Amino acid sequence: MAEFVGNVAVVVGAGMGGMMAAGVLSKFFTEVVILEKDTLPDNSEVRKSVPQGAHAHI
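Heads up, this note's numbering is the position in the sequence shown plus 43, with the first residue counted as 1.
Fair warning: there could be bad hints in the mix.
[As the list claims (entries may be wrong)] What follows is a set of in silico ranges between Cβ atoms, one per label pair, in the way DEER data are often shown:
| hint | residue 1 | residue 2 | range |
| --- | --- | --- | --- |
| 1 | Val48 | Glu79 | 16 to 26 Å |
| 2 | Glu46 | Lys91 | 33 to 43 Å |
| 3 | Thr82 | Gly60 | 15 to 25 Å |
| 4 | Asp81 | Glu46 | 27 to 37 Å |
| 5 | Val89 | Glu46 | 36 to 46 Å |
| 6 | Val93 | Glu46 | 34 to 44 Å |
Just so you know, these hints were derived from the structure itself, not from any lab.
If you're wondering where the values come from, they're calculated on a predicted model, not measured in any experiment.
C-beta atoms are modelled at their ideal positions from N, C-alpha and C, and glycine is treated no differently.
Make a model of the complete structure from these sequences and hints.
Given below as structure tokens:
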């Protein structure tokens, strides 16, 4: 079982790396706050600040 390090961790960016970091940090902190400049959509769609988001993904 993970031992808690602190109360609040802050992650800048809600991209793939930020979300994965937040998941790991959630095991060691009581609360994880994710800061993102874009409004996250409710469903899957292209985000305006991700230039490669509209590319075909296989």
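Verification of the supplied hints:
| no. | hint | result |
| --- | --- | --- |
| 1 | Val48 - Glu79: 16 to 26 Å | holds (23 Å) |
| 2 | Glu46 - Lys91: 33 to 43 Å | holds (40 Å) |
| 3 | Thr82 - Gly60: 15 to 25 Å | holds (19 Å) |
| 4 | Asp81 - Glu46: 27 to 37 Å | holds (34 Å) |
| 5 | Val89 - Glu46: 36 to 46 Å | holds (40 Å) |
| 6 | Val93 - Glu46: 34 to 44 Å | holds (35 Å) |
Going down the numbered hints, you'll see the structure goes against none, and every one checks out.
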